[in-house]
Amino acid sequence: MWKWLHPYAEPQRAYRLAGKFVPWLSVIAILMLLTGTIWGMVFSPTDYQQGDSYRIIFVHVPAASMSMMAYVSMAIAAFIGLVWQLKMADWMAASIAPVGAVITFIALVTGSTWGKPMWGTWWVWDARLTSELVLLFLYLGVISLYASFEDKVLAARAAGILSIVGVINIPIIKYSVDWWNSLHQSSIKMTGKTAMPPDMLIPLVINILGFGVMIAALSLIRFRSEVLARNGMRPWVRELALAQGAK
Amino acid sequence: MTKPDSETLLSAKNLTCIREERILFDELSFDICSGDIVQIEGPNGAGKTSLLRILAGLSRPYAGDVCYLNDSISRNRDEFNEDLLYLGHLAGVKSELTAEENLYFNLRVSGYNEFDQRDILSKVNLTGFEDALAGHLSAGQHRRTALARLWHTNSRIWILDEPFTAIDKRGVAELEALFIQHADNGGCVIVTTHQDMGIISNERLRKIRLEYRFV
Amino acid sequence: MKRGISFTQAFFTLLMRDLKIAVRHRGDIFNPLLFFIIVVTLFPLGIGSEAKILSRIAPGVIWVAALLASMLSLERLFKADYNDGSLEQMLLSPQPLQLLVLAKVLAHWLLTGLPLIIIAPLLAVLLHMEDNAYPALIATLLLGTPVLSLLGAIGVALTVGLRKGGVLLSLLILPLYIPVLIFATGAIEFAASNQPYDGQLAIIAALLVGSLVLAPFAIGASLRVSTN
Amino acid sequence: MQAQFHSLADFFHMGGYGFYVWLSYGVAYASLAILIGVTLTRKGRVLKEIAAKAKREERLAQHRSAKE
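Protein chains in written order, with UniProt numbering: chain A, 1 to 247; chain B, 1 to 215; chain C, 1 to 228; chain D, 1 to 68.
Same shape as in the complex, but just chain A (with noise of 0.2 angstroms):
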């Protein structure tokens, strides 16, 4: 019996356990974000190398450190999809790619932004620049051949193999990014690694986590709305959709 409503079940239950998680997610990303935010703005002491323009890192370096986690966490659940063939984790993958990308991209335009007063120039083949557009380009990907399949079961699958193949190579493109920047040495430097006052600090871990959180409040409202859209012809999705009509 139990194996009969085995396939029903189990979207349903995934899209419940999601419901669970949303607000708690949700509320604890905007409260960090606000914190981390509104104190990096106006609490933080300002540098004195780069003035206030370095208060651009409480967006960056959230945006830019959360993007490849994100890549990473998509090909985990890729991979659990793959290997177990569980079309939950492939779904999963599937929400995680648009926010990832988004993401990515805010990482790019902060840091170019950032670069313009700091280097005075708009963009800088910077090796940490430079493999963030070079993610980017494979969130496109991945978000394109997942738009590209009619048959979605098939998408999340083909998408799931591109990011697991794009996760192998993320440490690879990296690290010969960094040597190719290292051989072609450009006069400009990002500020050097020296030690961040706490006023700094804090704010900026809390705004990474409140990113992390965000990512994953947003990710499972886009699975949510992914399992309805799949199982469009269950009868519990059906009773949702007239509910939702009549109101």
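Some hints could be false.
Stated by the list, open to error - Below 25 angstroms or equal to it, Euclidean Cα-Cα: the simulated BS3-like pairs (lysine-lysine) are:
1) D:Lys43 / D:Lys53
2) C:Lys52 / C:Lys164
3) B:Lys13 / B:Lys207
4) B:Lys123 / B:Lys169
5) A:Lys20 / D:Lys55
6) D:Lys43 / A:Lys20
As the list claims (entries may be wrong) - Stretch by stretch, here's where chain D covers chain A in the computed footprint (C-beta under 8 angstroms, at least three residues):
7) 153-166
8) 174-180
9) 204-211
Just so you know, the hints here were simulated from the structure itself, not pulled from any lab data.
Using N, Cα and C, we set each Cβ at its ideal position, and we do this for glycine too.
With the hints as your guide, set chains B, C and D onto chain A.
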């Protein structure tokens, strides 16, 4: 009409297939035993080809499993592939190669290493066309180049999607005779066809019907 | 009715089949090569004929053109097999799919990668490349183009079932080509300035070994998705 | 811990880097807002589509049973 000592070769367990958000079939289960000749029936779009591809292991069902000798085909794929002969809509015949070369490569890829291509081709009435490029053959000859493999195989499970397309009456009769001989020797045949089969009697033929579903 | 064909026999069967088909379909071999030559000759026309600048950009130009030519030719790797049903038969073969896939990629590389390597020194002459960089050019192409074929085949396998795969393919695989491009051009530049470049070659060789081991699995899995 | 800026104008000026700081924050939060907006409305759109499809199929079923 299965013999009492027949063995279950292939079984479908609660197969569900969803294509473009439409359920083609849901919770479909059946066993196919040695000696069976099974015809999958149903209107266009009912999912006959999808079912055959799932049975052959080319497609993964949305839910459910296909078992070969009571073990999932995803687990013993190599043994299953050795015991399977699948011919789809697409014949797997290269138009740049001659009929003989096509047969040679197809059989080699299936693992056979000793055979006489000309002899096999003569069984599908392609004597004299061995050296013709498949691209220059007629539709029927093209199809027969693919079907020639049926005359040189020890796979027990045959899954054939519309094997009679472009085949003349005499060819169909020969194929049907081959099916009966294969089933009597402990094999099984699963086909879809829109043509009526003349030689295989209705008692001998097992039918699985798929309906077109709107939801 | 004997069965039992060794892995090597299966490998060479498929290799021979693909070579035979390509020989009867010669355009497929020459088109990527012509593309490669034309792209490289466009650069002096666009940048100017000053020997100094050309010799400076020669490694990059040749490698980028090789990258694009490889990608362009790869697009057809599984297409014909997909369209005539041979791919299904390959997937249902009792032979390991990774082995068959590897045979196909090797055939493809022999037909498109190898001619490219032979013609590359001639193009390097046109671009006034430094004399001592030629061995590095050949070595990096020899080690690097198989990596391109293997990585590219993953993207091709993922998109073979799609109607409009071309542009998508470039988005999928060009980012993966970056390490090969960087280390190959780096090696040639080192060679041009008389520095040792065996470190870069070793890295490209490692990439080749890695992709030889891993790519067939990814290609196989992708083909199973595409033929679904 | 104390505020680093004496006035609101000071805050917006950001020690001369106002344009860059606010540009990057603006782009970052605008793109986040778009992402959040699209994400939140997606469920509604999906359900609406499914409801429309369900109704269409119901009509189709009625039509077929009327014919028989």
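Hint check:
Between Lys43 of chain D and Lys53 of chain D the CA atoms are separated by roughly 15 angstroms; this keeps the pair inside 25 angstroms, and the hint holds. For the hint pairing Lys52 of chain C with Lys164 of chain C, the CA-to-CA distance comes to about 41 angstroms; that exceeds 25 angstroms, so the pair is violated. Only pairs whose Cα atoms come within 25 angstroms are accepted, and Lys13 of chain B paired with Lys207 of chain B is accepted, the gap being roughly 17 angstroms. Pair hint Lys123 of chain B plus Lys169 of chain B holds up; C-alpha atoms about 15 angstroms apart against a cutoff of 25 angstroms.
Among the hinted pairs, Lys20 of chain A with Lys55 of chain D is inconsistent with the structure: their alpha-carbon atoms are about 30 angstroms apart, more than 25 angstroms. Note on Lys43 of chain D and Lys20 of chain A: the hinted pairing holds, with a Cα-Cα distance of about 16 angstroms set against a maximum of 25 angstroms. A count of 0 residues in the segment 153-166 of chain A with a Cβ less than 8 angstroms from any Cβ of chain D is obtained; the coverage claim is therefore unmet, three being the minimum. Interface restraint, the segment 174-180 of chain A with chain D: violated (0 residues with C-beta to C-beta distance below 8 angstroms; minimum three).
For the segment 204-211 of chain A, the assignment as covered by chain D is violated, since 0 residues bring a beta-carbon within under 8 angstroms of that chain's beta-carbons and 3 are needed.
Consistency note: the structure conflicts with the earlier hints numbered 2, 5, 7, 8, 9.
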